[in-house]
Amino acid sequence: MSENNGTSFLKSLLNAWSWLFLILILGFFELYAQMETGNTFLFRVYTLQSIAVAASQILLLALGLTLVIVAGHIDLSIAFTTGFSAVVMALVIRFFGPEGGWLIVILALGVGLLAAIVVGLINGWLVAFINVPSFIGTLGTYGIARGVALIVAGGATVSIRSDEAREIGNGIILGFPIPVLIAAAVAIVFSYLLTHTKFGVHTYALGANRASVERAGVDVKKHLVILFVLSALTAGIGGLIYTGRFSAGAANAGEPILLYAVAAVFIGGASLTGGQGTVVGTVIGAIIIAVIQFGLVFSGLPPYWQFVAVGLVIIVAVVVDQSRDRLTGVSS
Amino acid sequence: MSENNGTSFLKSLLNAWSWLFLILILGFFELYAQMETGNTFLFRVYTLQSIAVAASQILLLALGLTLVIVAGHIDLSIAFTTGFSAVVMALVIRFFGPEGGWLIVILALGVGLLAAIVVGLINGWLVAFINVPSFIGTLGTYGIARGVALIVAGGATVSIRSDEAREIGNGIILGFPIPVLIAAAVAIVFSYLLTHTKFGVHTYALGANRASVERAGVDVKKHLVILFVLSALTAGIGGLIYTGRFSAGAANAGEPILLYAVAAVFIGGASLTGGQGTVVGTVIGAIIIAVIQFGLVFSGLPPYWQFVAVGLVIIVAVVVDQSRDRLTGVSS
Amino acid sequence: MTPLLSAKGLKKRFGGNEAVKDVTFDVNEGECVVLAGDNGAGKSTVIKMISGVYTPTEGEVHFDGGRLTGKSAEAIRTAGIETIYQDLALADNLDPGLNLYLGREKTRRILGLPFLAREEMRRDAVNVLQSLGIVVPDPTAPVREMSGGQRQAIAIARAIHWQAKLVIMDEPTAALGVPEQREVMALIERMKSKGVGIILISHNLPDIFAAADRIIVLARGVVAGERRPSETNDEEIVRMMMGATL
Amino acid sequence: MTPLLSAKGLKKRFGGNEAVKDVTFDVNEGECVVLAGDNGAGKSTVIKMISGVYTPTEGEVHFDGGRLTGKSAEAIRTAGIETIYQDLALADNLDPGLNLYLGREKTRRILGLPFLAREEMRRDAVNVLQSLGIVVPDPTAPVREMSGGQRQAIAIARAIHWQAKLVIMDEPTAALGVPEQREVMALIERMKSKGVGIILISHNLPDIFAAADRIIVLARGVVAGERRPSETNDEEIVRMMMGATL
Amino acid sequence: QEDITITLVPGLTTDAFYITMNRGAQAAAEALGITVDFQGAEEFDPVLQTPVLDAVIARQPDAILIAPTDSVQMIEPLRRAHDAGIPVITVDTFIGDGNYQDGAGDGDFPISYIASDNIAGGRMAARFMAEQIGGEGKVYVSNVRPGISTTDQREEGFKAEMAENYPDVEVLETQYNENDASLAASQFQAVLARNPDIAGVFGANLFSALGAGNGVEGAQKSEDVTVIAFDAPKSIVDNISSGVVDAAIAQHPAEIGYYGVVTAYAVLTGQSVPTSIGTGFTVIDADNVNDEDIAKFIYSE
Ligand SMILES: Nc1ncnc2c1ncn2[C@@H]1O[C@H](COP(=O)(O)OP(=O)(O)OP(=O)(O)O)[C@@H](O)[C@H]1O
Ligand SMILES: Nc1ncnc2c1ncn2[C@@H]1O[C@H](COP(=O)(O)OP(=O)(O)OP(=O)(O)O)[C@@H](O)[C@H]1O
Ligand SMILES: O[C@@H]1[C@@H](O)[C@H](O)OC[C@H]1O
Ligand SMILES: [Mg+2]
Ligand SMILES: [Mg+2]
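Protein sequences, first through last, are from chains A, B, C, D and E.
Note that my numbering numbers the first sequence so that position 18 is 18, with each residue one more than the last.
So my numbering is basically just the index in the second sequence, starting at one, shifted up by 1000.
So my numbering is basically just the index in the third sequence, starting at one, shifted up by 2000.
So my numbering is basically just the index in the fourth sequence, starting at one, shifted up by 3000.
So my numbering is basically just the index in the fifth sequence, starting at one, shifted up by 4000.
Bear in mind the hints are in silico, worked out from the structure with no lab data behind them.
Every residue, glycine too, gets a C-beta built ideally from N, C-alpha and C.
Among the clues, some could well be false.
[To be verified] Residues from chain D that face chain A, not an exhaustive set, calculated with beta carbons under 8 Å:
#1 Ala3073
#2 Arg3077
#3 Thr3078
#4 Ala3089
#5 Asp3092
#6 Leu3102
#7 Gly3103
#8 Glu3105
#9 Leu3111
#10 Pro3114
#11 Phe3115
#12 Leu3116
#13 Met3185
[Unchecked claim] Reference listing, derived: stretches of chain C covered by chain D, where coverage requires no fewer than 3 residues with Cβ under 8 Å from a Cβ of chain D:
#14 2063-2072
#15 2105-2116
[Claimed, not checked] Below 30 Å or equal to it, Euclidean Cα-Cα: the simulated DSS-like pairs (lysine-lysine) are:
#16 B:Lys1221 x C:Lys2008
#17 C:Lys2008 x C:Lys2194
#18 A:Lys221 x D:Lys3008
#19 D:Lys3165 x A:Lys222
#20 C:Lys2071 x C:Lys2106
#21 D:Lys3011 x D:Lys3192
#22 B:Lys1221 x C:Lys2071
Chain A with its partners taken away, still in its complex shape (with noise of 0.2 Å):
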């Protein structure tokens, strides 16, 4: 109880802000689809599966990445490394054949993980004992996993025929799909990680000033390669998932969200220079922009006006943030 008064318990009401915009823009579509269509937006099993996909995929890519975001570093190696594990999972069933059942998906599953880990591997190693930037560590195993996911493919995509592998990806239980299931699952580990763990506090820690981490004696150096394996390994699931969904595992599966997954941290509450940013933030991100995705196609707004509004939505989702400072007073 006793940390529940004062600013506290302000804070995780303010904190609330960023739901209540999505909840705003989610009003604000339903109204419109109501007084335009006459039907509800919201209010359809098939709209909120939508949604939740399409965020899901966002996710995968998001999660890890907060983890590093949080940590003063960044990611960009998530891009392919989505590809790239997707590539893997799907030479590997194709190798088997359609036949293989479960077991060979499995065993894909595990490998294209594996091929994940690797790159998380590399990005920890440069970024923890050889010292480089983040920013250009992980630019250069961008283009590595690029190349290598295309090499080992053969060339873009690698289709497959594997009704497991399809189930994975669009398979619903209980209404939930599962690529929905699995980015929760994942978020909730990581929501954990982050805010119940010794390793979340360190990730704070050395988000805002690595000399305290470092003198307090932690392992900063196995700290990094343990983030930036998670983060390949969220992002590796996310290409398992495409891998399943589309049934093809194509070298770009990532590239194209890799924008809006970071989009989706900094809407969540991260910051450039580290020491900030929660998973539910990241989670709220993502969904925010799924909507306004789902929502300004479903609204019949020309695609050219699109881009101006996600830009303007963005930037109102932020301004509404700030405000919640200034009404409360906490800025000078």
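With chain A held as given, fit chains B, C, D and E with the ligands onto it using these hints.
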């Protein structure tokens, strides 16, 4: 003289390392060319011109960005500020028809730059006055500039017929392509700004510790607005050159170059947290990128392997830079 | 005589916490007013409301005939108030010369264009620091690489280098060596004799008694009392500091 | 009796500048050794070579029978050395409780999973700070929002909260109020009586004389001399500090 | 039926080809008195196209015309439209094997496929190139990036035609330019530096061709090097007039859009329609670029 003793002399000597690395890769390609094809790689006006033009297109996005990054911020919107100003210039020329002559082209250049400045002002206002984190604010204007460029263009590209515009993009003066001369002029001005003026000192101080400049009585908000306007302005110049080179203003002109521009700034020694980086470094960074892009094609490496090689070279460029610190024992 | 500076009813609230309230005091020309008080009493908060870092939640500050409250840090500095902050507020990536002149850099024209006079500023920094008894081994190095006391001396140098009418010093000698502390105390005397007003924050009782014309004691954000050094002693001051806490 | 800690021939070079050289000294159990010296003399550099922040350019450190040099900061802390750094080294975005326990956080198992015991750590922090005479208005706030003295107290709390065999304190009282300074001095006495070895860096002569069993004076990076407080006086110590400079 | 609404989902919204296709679709819509919406993603990519498609399905249009961004990967997302009872017609690109309604293969459910065959277009470019360079010499393909099915197919057709019918033409490694004309220009110059005898470049889309043309011009090789462009927006046509580009393979996107809408209308009004409609190509070069009847094949931008 007094400041050229001790560390400082050593420093300036060591800053030559990135030059050295550049010379190294040039040497490598030259050697390769001599052995493999019997031709020279480097000692052809034509090769040099071609690399320089490619570098200058990257550089025009990277120069303004360098200032912004030194100040601890980022500007993603340049990806489409370039396209916006390219499109606007093309529209003005098209409006007056192919017989407009220099007067119209100059008018078009002016209006194109004005368009860019508007984007810069919005960025500056968002970051300085509304306290929107620059990553999100400029991601928002990225979308807006993109949408507006496409809307005003009424499509993706605006083609023009203007010998004057074509001259700006493709002319050569005393062996120097005009785009290269323009980029060089901007680089010299920005290098002067960053190293020899109050504005430059405040930019570095801002990146290290915003409070230090604020409390020293510098108008930080105004400073930020100027920074973002400068960044938009150089990106806009890049757009004008693009329109000249290709006789078409394309809304997407800058988008594929953004990542290379950011990479050039970081290869040049800047850091995510601000307070570091130089114009000279960025110039070398951009040249390194242009050289490897050219050199790898020249060397006949298969395309997928080129992705891998670019990644490796980027990493090695920075590792070389790091090892100099290690050799001189600057780090603990 | 109207006071050089007068603060009236200053209050500052951070979120739910009122760090400072009802703080009213004057500073006259050539006078050194010491703000004393326990840790967290609100001393730094008070001086930041004067120097323009914080906007007071309530109250206002007048200086040299004008109203300061609401003005920018820039305007307040131009009006003639220099401040040494407790956290120093240095630009760690710049050398001592540039830190000394930050915001007021010296330039030299070459072909009509202004160029920073880096060496000159550096030389000046070395001289000012020397007058405080501080030698930095490499004046071209960024201040990040300097020792705690060297850094503090640079912050002091920055404030005293300008012809200010009022100098605010938040624990200026905390990191300084013995001889340097003495230099700063002597400096305060010299500035007073030139008519400069001084607000000094210090936890060092001998220094407080040596420098102060008046001592204002803050306790838990409010003024617990005001004394002239000749009217009081160490014990009373310490008791006043604790006063509100008991 | 073998000393608890012995430093032999320590040297540290930064770029072209030799900040410290030939520094040799011992610390015994229950002994307080003061490192005194002017600003920039090399005191902080010496203790960072002991605590593992810097690797010495030359020389080595032995502690409690083992060699420290080359070990990580982590290993050195585990071996039983706690350090209060001059720059505090706090994680500004965390609350006092997490800063107190940084690297050694308390957890509690719920359904077999470890969860940080935030409230418990916070409560402990409030208590340790209270024992130093410090009250923070909101212990859930990040330490970024604390006053200079509150921050320093958190750094002190962090070092004394653990059962260390040697505590290194780099100007621990610089930002503290008068009563808090007294608390820290008393604390040093209590630790000594429990057999803890202490290295104290301070510019405050009365404190130096009160706490020290031996005073080692550094001047311009080298040991200018070593004295027991009973054998010397303020003036001699100050002269030794300046010694090499003259 | 006044209130028929059809949505056209292009491969990407910012491309002259699809903008022109939309123009044709709107012309048909006007003629038929129905509504055609245009909704798509910013890049030619299945991950981006899928959420757009999902939202389009939520609006429940009467039919969907789509240029699927991948033949395999878009099967599942399009099945959702089919399952929702919305007829699907693919334009420009196809899913599965492209043969619909024959009971074979995964992606069999679309009603019809209306396009100019990109592989055939690539072959046409190769034939024209071979003629121009006299049946021998070195050429290469300047392409966007691996993984875009349309441009990949043009490259495939180009290479296949050369391999089968022009043994003396050597096709060098493809160069990928990320849709950056500036990079495409520098790549041409690098290829030239290595192969001073380079005879031709096939630019597989607008920016690849614009860039290659600029590179050729910069090297003052316009006389010796043949540049063939795929697609014919105005900027390419201007470059043909000025001699920088030698020829463009123009698809007929407006026709595709027009027939697409008409086919959908036919389906919705209960007529039977063919499962595939091929639209042609027109080669634009210096000889015919100023002809009256060529103008209609120039894309809007
Ligand atoms: N930015 C801030 N946000 C929230 N609380 C703050 C902030 N700055 C100061 N405080 C609180 O206000 C109170 C007064 O702080 P202030 O820094 O003025 O103390 P001080 O008298 O200068 O103490 P010290 O002697 O330790 O420097 C403290 O309890 C502190 O925690
Ligand atoms: N990281 C560094 N890089 C370069 N020079 C350094 C570095 N750290 C310290 N120095 C230099 O080494 C010398 C000794 O510094 P040190 O911090 O040890 O002094 P100190 O005795 O602790 O002084 P103070 O009492 O002011 O804290 C100083 O001249 C300082 O400028
Ligand atoms: O220009 C191309 C267009 O013609 C094709 O159909 O889709 C991909 C585009 O890049
Ligand atoms: Mg204070
Ligand atoms: Mg020190």
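Hints versus structure:
no.	hint	verdict
1	Ala3073	holds, 6 Å
2	Arg3077	holds, 4 Å
3	Thr3078	holds, 7 Å
4	Ala3089	holds, 5 Å
5	Asp3092	holds, 5 Å
6	Leu3102	holds, 4 Å
7	Gly3103	holds, 3 Å
8	Glu3105	holds, 5 Å
9	Leu3111	violated, 11 Å
10	Pro3114	holds, 7 Å
11	Phe3115	holds, 5 Å
12	Leu3116	holds, 5 Å
13	Met3185	violated, 24 Å
14	2063-2072	violated (count 0)
15	2105-2116	violated (count 0)
16	B:Lys1221 x C:Lys2008	holds, 29 Å
17	C:Lys2008 x C:Lys2194	holds, 26 Å
18	A:Lys221 x D:Lys3008	holds, 29 Å
19	D:Lys3165 x A:Lys222	holds, 27 Å
20	C:Lys2071 x C:Lys2106	holds, 25 Å
21	D:Lys3011 x D:Lys3192	holds, 28 Å
22	B:Lys1221 x C:Lys2071	holds, 14 Å
Violated hints, listed in ascending order, are 9, 13, 14, 15; each of the other numbered hints is respected by the structure.
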